[in-house]
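Number of protein chains: 2
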Amino acid sequence: MLTKTARDAFIALILGSVAALAQVPAATRTLTNPKFQAAEDFIAADHDRLVREIIQLTEIEAPPFKEEKRAKAFAEMLRQSGLSDVDIDAEGNVIGVRKGIGTGPLIAIAAHLDTVFPEGTNVKVRREGTKLRAPGVGDDSRALAVLLAIVRALDAAKIQTASDILFIGNVGEEGPGDLRGVKYLFQKGPYKDKIKMFISLDPYGPGNDITVGGIGSKRFKVTFKGPGGHSFGSFGLVSPAYALGNGIAKLSRMPVPSRPKTTFNVGVIGGGTSVNSIPFESWMDVDIRSETKEELNKAVETFTKLMREAAEEENRTRSTSQGKVEVEVKLIGDRPFGQIAMSAPIVQTAASIVEGLGMTPAYGVSSTDSNIPMSMGIPALTLESGGMGGRNHTLDEWIDVEKPTSVRGINASMGILLALAGLQ
Amino acid sequence: MLTKTARDAFIALILGSVAALAQVPAATRTLTNPKFQAAEDFIAADHDRLVREIIQLTEIEAPPFKEEKRAKAFAEMLRQSGLSDVDIDAEGNVIGVRKGIGTGPLIAIAAHLDTVFPEGTNVKVRREGTKLRAPGVGDDSRALAVLLAIVRALDAAKIQTASDILFIGNVGEEGPGDLRGVKYLFQKGPYKDKIKMFISLDPYGPGNDITVGGIGSKRFKVTFKGPGGHSFGSFGLVSPAYALGNGIAKLSRMPVPSRPKTTFNVGVIGGGTSVNSIPFESWMDVDIRSETKEELNKAVETFTKLMREAAEEENRTRSTSQGKVEVEVKLIGDRPFGQIAMSAPIVQTAASIVEGLGMTPAYGVSSTDSNIPMSMGIPALTLESGGMGGRNHTLDEWIDVEKPTSVRGINASMGILLALAGLQ
Numbered sequence: 013m014l015t016k017t018a019r020d021a022f023i024a025l026i027l028g029s030v031a032a033l034a035q036v037p038a039a040t041r042t043l044t045n046p047k048f049q050a051a052e053d054f055i056a057a058d059h060d061r062l063v064r065e066i067i068q069l070t071e072i073e074a075p076p077f078k079e080e081k082r083a084k085a086f087a088e089m090l091r092q093s094g095l096s097d098v099d100i101d102a103e104g105n106v107i108g109v110r111k112g113i114g115t116g117p118l119i120a121i122a123a124h125l126d127t128v129f130p131e132g133t134n135v136k137v138r139r140e141g142t143k144l145r146a147p148g149v150g151d152d153s154r155a156l157a158v159l160l161a162i163v164r165a166l167d168a169a170k171i172q173t174a175s176d177i178l179f180i181g182n183v184g185e186e187g188p189g190d191l192r193g194v195k196y197l198f199q200k201g202p203y204k205d206k207i208k209m210f211i212s213l214d215p216y217g218p219g220n221d222i223t224v225g226g227i228g229s230k231r232f233k234v235t236f237k238g239p240g241g242h243s244f245g246s247f248g249l250v251s252p253a254y255a256l257g258n259g260i261a262k263l264s265r266m267p268v269p270s271r272p273k274t275t276f277n278v279g280v281i282g283g284g285t286s287v288n289s290i291p292f293e294s295w296m297d298v299d300i301r302s303e304t305k306e307e308l309n310k311a312v313e314t315f316t317k318l319m320r321e322a323a324e325e326e327n328r329t330r331s332t333s334q335g336k337v338e339v340e341v342k343l344i345g346d347r348p349f350g351q352i353a354m355s356a357p358i359v360q361t362a363a364s365i366v367e368g369l370g371m372t373p374a375y376g377v378s379s380t381d382s383n384i385p386m387s388m389g390i391p392a393l394t395l396e397s398g399g400m401g402g403r404n405h406t407l408d409e410w411i412d413v414e415k416p417t418s419v420r421g422i423n424a425s426m427g428i429l430l431a432l433a434g435l436q
Numbered sequence: 013m014l015t016k017t018a019r020d021a022f023i024a025l026i027l028g029s030v031a032a033l034a035q036v037p038a039a040t041r042t043l044t045n046p047k048f049q050a051a052e053d054f055i056a057a058d059h060d061r062l063v064r065e066i067i068q069l070t071e072i073e074a075p076p077f078k079e080e081k082r083a084k085a086f087a088e089m090l091r092q093s094g095l096s097d098v099d100i101d102a103e104g105n106v107i108g109v110r111k112g113i114g115t116g117p118l119i120a121i122a123a124h125l126d127t128v129f130p131e132g133t134n135v136k137v138r139r140e141g142t143k144l145r146a147p148g149v150g151d152d153s154r155a156l157a158v159l160l161a162i163v164r165a166l167d168a169a170k171i172q173t174a175s176d177i178l179f180i181g182n183v184g185e186e187g188p189g190d191l192r193g194v195k196y197l198f199q200k201g202p203y204k205d206k207i208k209m210f211i212s213l214d215p216y217g218p219g220n221d222i223t224v225g226g227i228g229s230k231r232f233k234v235t236f237k238g239p240g241g242h243s244f245g246s247f248g249l250v251s252p253a254y255a256l257g258n259g260i261a262k263l264s265r266m267p268v269p270s271r272p273k274t275t276f277n278v279g280v281i282g283g284g285t286s287v288n289s290i291p292f293e294s295w296m297d298v299d300i301r302s303e304t305k306e307e308l309n310k311a312v313e314t315f316t317k318l319m320r321e322a323a324e325e326e327n328r329t330r331s332t333s334q335g336k337v338e339v340e341v342k343l344i345g346d347r348p349f350g351q352i353a354m355s356a357p358i359v360q361t362a363a364s365i366v367e368g369l370g371m372t373p374a375y376g377v378s379s380t381d382s383n384i385p386m387s388m389g390i391p392a393l394t395l396e397s398g399g400m401g402g403r404n405h406t407l408d409e410w411i412d413v414e415k416p417t418s419v420r421g422i423n424a425s426m427g428i429l430l431a432l433a434g435l436q
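Which chain is which? The protein sequence lines are H and G, in order.
With the first sequence counted from 1, adding 12 to any position gets you my numbering.
With the second sequence counted from 1, adding 12 to any position gets you my numbering.
In case anyone wonders, no lab produced these hints; they're calculated from the structure.
Take the hints with a grain of salt, since some may be wrong.
Copies of one chain are not kept apart here, so a pair can be met inside one copy or by any two copies together.
Said to hold, decoys possible - Below 35 Å or equal to it, Euclidean Cα-Cα: the simulated DSBU-like pairs (lysine-lysine) are:
{"id": "1", "residue 1": "Lys342", "residue 2": "Lys81"}
{"id": "2", "residue 1": "Lys81", "residue 2": "Lys310"}
{"id": "3", "residue 1": "Lys336", "residue 2": "Lys78"}
{"id": "4", "residue 1": "Lys84", "residue 2": "Lys317"}
{"id": "5", "residue 1": "Lys47", "residue 2": "Lys233"}
{"id": "6", "residue 1": "Lys204", "residue 2": "Lys237"}
{"id": "7", "residue 1": "Lys195", "residue 2": "Lys81"}
{"id": "8", "residue 1": "Lys317", "residue 2": "Lys47"}
{"id": "9", "residue 1": "Lys342", "residue 2": "Lys233"}
{"id": "10", "residue 1": "Lys415", "residue 2": "Lys317"}
{"id": "11", "residue 1": "Lys204", "residue 2": "Lys143"}
{"id": "12", "residue 1": "Lys310", "residue 2": "Lys84"}
{"id": "13", "residue 1": "Lys47", "residue 2": "Lys78"}
{"id": "14", "residue 1": "Lys305", "residue 2": "Lys143"}
{"id": "15", "residue 1": "Lys170", "residue 2": "Lys237"}
{"id": "16", "residue 1": "Lys310", "residue 2": "Lys136"}
{"id": "17", "residue 1": "Lys206", "residue 2": "Lys336"}
{"id": "18", "residue 1": "Lys143", "residue 2": "Lys336"}
{"id": "19", "residue 1": "Lys78", "residue 2": "Lys233"}
{"id": "20", "residue 1": "Lys206", "residue 2": "Lys262"}
{"id": "21", "residue 1": "Lys170", "residue 2": "Lys84"}
{"id": "22", "residue 1": "Lys415", "residue 2": "Lys200"}
{"id": "23", "residue 1": "Lys81", "residue 2": "Lys262"}
{"id": "24", "residue 1": "Lys336", "residue 2": "Lys317"}
{"id": "25", "residue 1": "Lys230", "residue 2": "Lys415"}
{"id": "26", "residue 1": "Lys136", "residue 2": "Lys206"}
{"id": "27", "residue 1": "Lys262", "residue 2": "Lys237"}
{"id": "28", "residue 1": "Lys47", "residue 2": "Lys230"}
{"id": "29", "residue 1": "Lys317", "residue 2": "Lys81"}
{"id": "30", "residue 1": "Lys233", "residue 2": "Lys317"}
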């Protein structure tokens, strides 16, 4: 998903290189095409259905690796919205095809099915005026519903494109999914080598953010193991829990640069069998990201050293008579860096559409599904799905479906898609 | 379960008050009764079945609060061993009655059904010569099987006692169980106010350890809560994971006296939803114990202060713009202190039997099911179930069923039981 703070940091880095954008002919042709205007009108008229479908999709749980139920529902909704050729691939991605006239390169637009929330999370949407509150409502359920609305708008406006367009609800964008959905799409599945442009809608936002760079991230499972023992009888033996606590405390103090922005996070922790046993295993999942490969590698190196120190300190502090604490730092996720040149047609076209709709383009970097095509040299952007929102990845996540801002963001995405797909 | 180090610490404290024990008539009468000798012979002859039943019971999982399956099997095995009157009470304790001639006070002997190991732990017993290896094999499966062997031996030797004897496989000794089985037994169930003496067999050991004091323990669930957020986008916000890590590190350095022995333990930890989300909740279960009430209270007070410090430090270190980290320290277990006077008949009798079987009594304190009757002023002891073993509460737990040591320990327990129950 797209992060605003990343954009703020990054825009300062690249602003010098962004000249005032020339009008791009494809963008102008799109915005002035009566069929596009008819599609815009449809989006406005269809807005209540969009809101209903956001709610409907949000309320189907979709934890990492457990997206099947939402995938099935989304496939059915794609069909009901007018796509005839809808399938779920071997990885679990929902893919619907909208045929063009066959004269343009294949383009894909995707939103991700998965959320960060585990099974059993209350995903019931609470509505307060134009605000919808629920875990996952904005990241990325809104974008899934926007894809459906765009499909309907294209049909309603009788739009034809040069390119075939793939509408995709993909799995595995969040956390442990490690981009498995798009990795399959671009590196293994039937569309490998065929998709020539890619747009990811992720997450909410007014529509002027254009993510042109994929932030690299590495994810680790750190496991401290020890001999275990009885809490009272074996008191004084080394404990993986103390090594982990010390490791977390050390990591929390690790210096990282604010520019290029570099971050770390302790996500999930676990281990231990009972309150009255010294654990034989304590673990945590750690996410490290940076805007540059160099800083990412530096942070990973320091982090790994800190984990070893934590284990060594535990072995020096308490008794190793029954065995030492050992630490394993295992790579569980690796998102490649990627960058699209500011002069690339896909960026120029997107910027022209955003400007044409009265907004100011803002360029950012993030870690999203676009990392994969970007890292392979395939033109790709991550765009916002419209509307305002906040607190994603928390139980307090919310979006505002207040109509003008919601509609304008959708129109921006739809306009960029059509300009790239060759609106006839 | 009994802890050797507790004994070593405690024996030094009380040794001064233990005079050379006088021969106790009931003990002498028991050891010289041909029926007891016949029962001893039976235990030796029956030993292969004991080993089979230890394996059988160990291989039925019995996590805290999930003892039902093992309880049902144990009830059936009690019946097969000759007890006619076997029931499972409302808390889940298996209770079988062996009627006496009605002239003695009701006595209960118990082993606990539960282990510290969660569902899914591999509890398959690996046998290497006389060694049996499996989680829970000694703590307390062996003792359950010993109860069955004693029932059979009493019948085989046609033994009658003055007292009725309850043979009990009780729930909830370990960890979160918080002694719920014996609490129900002594404070709520149909035998409330009726049991006048109590023996807990827990765990393995050669048979000379006599636990005469119940160590107090308090258990806590510490939960740090915060606003959560995206790992990259919200980097810099306070995190419950860092507060927890800092809290664990602080606790690991908490000074506690070695005499009276006072201990702490971080058992189970958890929290967080995904690697790329700042958790909104991180927690740990903590066990604090001491040989004296004063030191226990002191340790609990310091521990609580450290947890508050950890939360405050996190709120000073990172941004609270989306909310602060709050900490909750909740009492989840409270085991009362208890002490049996060294001059009490139950202690003197037990010591005489142990000496009569050629061993030297060793007195200890621990935190076991006996804490409850001890705290209520009901004479109670925790004894060993025979044989050697080690590493309980770990996946490497083992016992040695080498016959002479195994049988002698059983004979000690059986002798103490019969001396107290009034062997006719």
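The hints, checked one at a time:
| no. | hint | result |
| --- | --- | --- |
| 1 | Lys342 x Lys81 | within (30 Å within a copy, 37 Å between copies) |
| 2 | Lys81 x Lys310 | neither (40 Å within a copy, 53 Å between copies) |
| 3 | Lys336 x Lys78 | between (37 Å within a copy, 32 Å between copies) |
| 4 | Lys84 x Lys317 | neither (45 Å within a copy, 51 Å between copies) |
| 5 | Lys47 x Lys233 | neither (51 Å within a copy, 61 Å between copies) |
| 6 | Lys204 x Lys237 | neither (41 Å within a copy, 44 Å between copies) |
| 7 | Lys195 x Lys81 | within (21 Å within a copy, 45 Å between copies) |
| 8 | Lys317 x Lys47 | neither (59 Å within a copy, 68 Å between copies) |
| 9 | Lys342 x Lys233 | both (5 Å within a copy, 29 Å between copies) |
| 10 | Lys415 x Lys317 | neither (51 Å within a copy, 50 Å between copies) |
| 11 | Lys204 x Lys143 | neither (39 Å within a copy, 57 Å between copies) |
| 12 | Lys310 x Lys84 | neither (42 Å within a copy, 58 Å between copies) |
| 13 | Lys47 x Lys78 | neither (39 Å within a copy, 65 Å between copies) |
| 14 | Lys305 x Lys143 | neither (39 Å within a copy, 54 Å between copies) |
| 15 | Lys170 x Lys237 | neither (62 Å within a copy, 52 Å between copies) |
| 16 | Lys310 x Lys136 | neither (42 Å within a copy, 45 Å between copies) |
| 17 | Lys206 x Lys336 | neither (53 Å within a copy, 49 Å between copies) |
| 18 | Lys143 x Lys336 | between (53 Å within a copy, 24 Å between copies) |
| 19 | Lys78 x Lys233 | both (20 Å within a copy, 30 Å between copies) |
| 20 | Lys206 x Lys262 | neither (46 Å within a copy, 56 Å between copies) |
| 21 | Lys170 x Lys84 | within (27 Å within a copy, 70 Å between copies) |
| 22 | Lys415 x Lys200 | neither (40 Å within a copy, 62 Å between copies) |
| 23 | Lys81 x Lys262 | neither (40 Å within a copy, 44 Å between copies) |
| 24 | Lys336 x Lys317 | both (18 Å within a copy, 30 Å between copies) |
| 25 | Lys230 x Lys415 | neither (38 Å within a copy, 56 Å between copies) |
| 26 | Lys136 x Lys206 | neither (39 Å within a copy, 52 Å between copies) |
| 27 | Lys262 x Lys237 | both (18 Å within a copy, 20 Å between copies) |
| 28 | Lys47 x Lys230 | neither (44 Å within a copy, 72 Å between copies) |
| 29 | Lys317 x Lys81 | neither (42 Å within a copy, 46 Å between copies) |
| 30 | Lys233 x Lys317 | both (15 Å within a copy, 31 Å between copies) |
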